[in-house]
Amino acid sequence: MSDKDKKGTKPNTYKFDTLSLHAGYQPHKNAGSRQVPIYQTTSYLFDDVDHAAALFNLERGGHIYSRISNPTVAVLEERVASLEGGTAALATSSGMSAIFLAVMTLCEAGDHLVVSSQLYGGTVNLFRLTLPKFGIKCTFVKPRDTEGFKKAIQKNTKGIFGELVGNPGNEIMNMPEIAKIAHDAGIPLMVDATYQTPYLCKPFEHGADIVIHSLTKWMAGHGSSMAGILVEGGKFDWMQNDKFPTMTAPYEGYHGLSFAEEFGPTAFTMKARAEGMRDFGPCLSPQNAWNVLQGIETLSVRMQKHCSNAEKMVEYLSGHESVAWVSHPSVPDHPDHDLANKLLPNGKGSMIAFGIKGGKEAGEAFINNVKLASHLANVGDTRTLVIHPASATHSQMDEATLKFAGLSHDMIRLSVGIEDIDDIKNDFEIGFRAARKPRLVSNQ
Amino acid sequence: MKFKVNNEEVYASTGGRPFDKKKPLIIFVHGSGLTHMTWVLQTRYFAFHGYSVLALDMPGHGLSGGKSLESIESMADWISDVIDAVGYKEASLVGHSQGCLVTIECSAKYSNKIKTLSLMGGAGAIPMNPELLSLAENNDPKAVELMMDWAHGPAGHFGGHPVPGLYHINTGAMLAKTRTIKNTLGVDFRACDNYKNGFEAAKKIKIPTLSILATDDKMCPVKEGKKLADLIEGSQVDIIENCGHMMLLEEADRVLKVLKKFITTNYPANK
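Which chain is which? The protein sequence lines are A and B, in order. Be aware that the first sequence starts at 1, since it is given in the numbering used here, and climbs by one per residue. Be aware that the second sequence starts at 1, since it is given in the numbering used here, and climbs by one per residue.
No wet-lab data here; the hints were simulated from the structure. All values derive from a computational prediction rather than experimental measurement. Each hint should be verified, as a subset may be incorrect.
Claimed, not checked - To spell it out: a stretch of chain B is covered by chain A in this simulated footprint if at least three of its residues, at any positions, have a beta carbon under 8 Å from a beta carbon of chain A; those stretches are:
| hint | segment |
| --- | --- |
| 1 | 36 to 43 |
| 2 | 142 to 151 |
| 3 | 230 to 241 |
What the hints assert, rightly or not - The calculated lysine-lysine pairs, modelled on DSS-like cross-linking and capped at a C-alpha distance of 25 Å, are:
| hint | chain 1 | residue 1 | chain 2 | residue 2 |
| --- | --- | --- | --- | --- |
| 4 | A | K235 | B | K227 |
| 5 | B | K109 | A | K15 |
| 6 | B | K142 | A | K235 |
| 7 | A | K243 | B | K2 |
To be verified - Here are the in silico distance ranges between beta carbons for each label pair:
| hint | chain 1 | residue 1 | chain 2 | residue 2 | range |
| --- | --- | --- | --- | --- | --- |
| 8 | A | P250 | B | E9 | 15 to 25 Å |
| 9 | B | E233 | A | K15 | 22 to 32 Å |
| 10 | B | T264 | A | E252 | 21 to 31 Å |
| 11 | B | A125 | A | R278 | 42 to 52 Å |
| 12 | A | G32 | B | K223 | 25 to 35 Å |
| 13 | B | T180 | A | P345 | 25 to 35 Å |
Don't be surprised by glycine CBs; every beta carbon is placed ideally from N, CA and C.
Just need the whole structure built from these sequences, with the hints factored in.
Structure follows, in structure tokens:
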């Protein structure tokens, strides 16, 4: 190595904003196309029979069929892996399919998971109602009950799962401590970091082993496309114990391949793709992958505006006569404020939960009367979104589950967009005025 | 598979096929601080096409036991011991980076055992940058970051891994952090820095030899690789454009194509 190439001891690898625009793609390998091409194809020509056999047998890298992999989708996968600091990623048709694929890669019938109780309603239903049908049982633990995660681990527990900042209550898991609990038990920590994006938090730096995103949300930002992804940190040693035979033992599906031995830090992703995408097939369309890539190009600037608007809305709501309470990790009296400062130094996210005075009836009037804020079942759009979780996203929960998940009937979930902050506040004033006069509004 | 050499457990990937002593043996030797996994896009092909493959974890690396060997000469002796331990009389060697120094030394010293030699990102000497050496010996993770930066060309830095979804630099960094940095990378870098016999060893090599070099290789530049190749009688050279030191991953298909032609010609599976 010549010293001329070294330029001191600082690595010259690309930084976050550059990776957001460039990672995973080289124009000169794609006819010089500056933009990532959309490979709208189902399948790929083989050079010859030997090439085909080598691809099917994982002897060589490459694409076979777009259910398994696609060049446009692969750019997205590498880009997110690079932003998260992960070794590999696998994009899926939605965030829910990413969670399902992660669980099915890790678990078999008879296995058990320890799961945070404060999750997106769909995720709760997957763990509470659907996975037991596959013989996979779960124990729910409140996100702040760090010791509870330890106590819930059983002999057949294969992992811990949670959202770093719980949906919709904004309770934060102590990720470093829970990661240690998981690792002491020889199991991985899986974190849904949709609310944070890698701009706000890189879970691998705090002990997570698998990170999951609904890319539909902040990563894309535009609210046009469904997409999910699972990202592998590469540190977890699947061979440290006998808990993960599906990762370590010879796999009949690939002539006795041991994913852990052959692929080490990318073993989980390789198995999720080779087995999970092959057998379940929740693939992401190349068009949607491309749409998400457009969003990721501006991730950091959007997240800065999301967070700054959110902090202004927290201040506005906290001083408002119609608001009973506000939950956001930026508030100094939020129970997890110190933890948030540690885990989320670039901003605390743009999800706010608040209670409206007047309870459910006032909440309904508020939501029915705001004009700029959109009432819909999504978060992380560039536009401001509102919803009443108890009657929508989490409505399939019974009263006891709602309470355990930290939900109340007066709770409004607010996903703060990047509009002009004064316009959002003016819109909320209309909603609050209506909430104070629910009967009059309902007669209009 | 696992076996013992000098009473220490050795791990080697067999490329996903059972080890079969009836087939000719190819041994893959990884670079500084790395493991057998760097070879996954070459080994599986040969294992499924008539060869017995051993992609070794050097002592103290990856899944192998023991302590890292402290000199290139001792590593070369160890490779010879591996051939004996698995019951073979001969083998074809493939090395990357530090693995090139090891396989050159081994080929020169054990000329009766080694039938072909394939070098990737090789040079006759690999003097280490003093700061990088110091960081590695002091267990500083920055050593891995620097190595990953300098070892990768455009494909590594931008991406475009031949296996969909994998990201070069982070995967490489995790491989280099499999064990304690100072005990693997630190020992390996010192061994490379100390090794002075590469050019003399090269002059003694009379077997078919292939050198695959890359234009963007900052660790072992093309001119150093050519200098080495010029000393080996009849050596073939293949140069890959726009590629860095990790050519076995960055341009895995190209490397496999060249390697396949070279090995099947000079060390056929059906001989």
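Notebook entry, point to check: Taking a Cβ-to-Cβ distance below 8 Å as contact, does the segment 142 to 151 of chain B have at least three residues touching chain A?
Noted result: It holds, with 6 qualifying residues against the three required.
Checklist line | Pair hint outcome, K109(B) versus K15(A) [Cα-Cα no greater than 25 Å] | finding: violated (46 Å)
Notebook entry, point to check: How does the coverage statement for the segment 36 to 43 of chain B fare against chain A, requiring three or more residues with Cβ below 8 Å from a Cβ of that chain?
Noted result: holds (count 3)
Checklist line | Supplied distance hint 42 to 52 Å, evaluated on CB atoms of A125(B) and R278(A) | finding: holds (47 Å)
Margin query: Is the coverage entry for the segment 230 to 241 of chain B by chain A consistent with the three-residue Cβ rule at 8 Å?
Written below: Not satisfied, violated; 0 residues make the cut.
Checklist line | Agreement of K235(A) and K227(B) with the hint, judged by alpha carbon distance not exceeding 25 Å | finding: Since the Cα atoms of K235(A) and K227(B) sit roughly 39 Å apart, the hinted pair is violated (cutoff 25 Å).
Item checked: C-beta pair P250(A), E9(B): status relative to the range 15 to 25 Å that was hinted -> Holds: the Cβ-Cβ distance is about 19 Å, inside 15 to 25 Å.
Note to self: Against the range 25 to 35 Å, how does the distance between the Cβ atoms of G32(A) and K223(B) compare: consistent or not?
What the structure shows: holds (29 Å)
Note to self: Hint check: K142(B) vs K235(A), CA-CA at most 25 Å. Holds or violated?
What the structure shows: With Cα atoms ~17 Å apart, K142(B) and K235(A) stay inside 25 Å; holds.
Notebook entry, point to check: Does the alpha-carbon distance linking K243(A) and K2(B) stay inside the 25 Å limit?
Noted result: holds (21 Å)
Item checked: E252(A) and T264(B) - C-beta distance against the hinted 21 to 31 Å -> holds (29 Å)
Next item on the list: Look at the Cβ atoms of E233(B) and K15(A) and judge whether their distance stays inside 22 to 32 Å.
Entry: violated (47 Å)
The structure is inconsistent with the numbered hints 3, 4, 5 and 9, although it conforms to all the rest.
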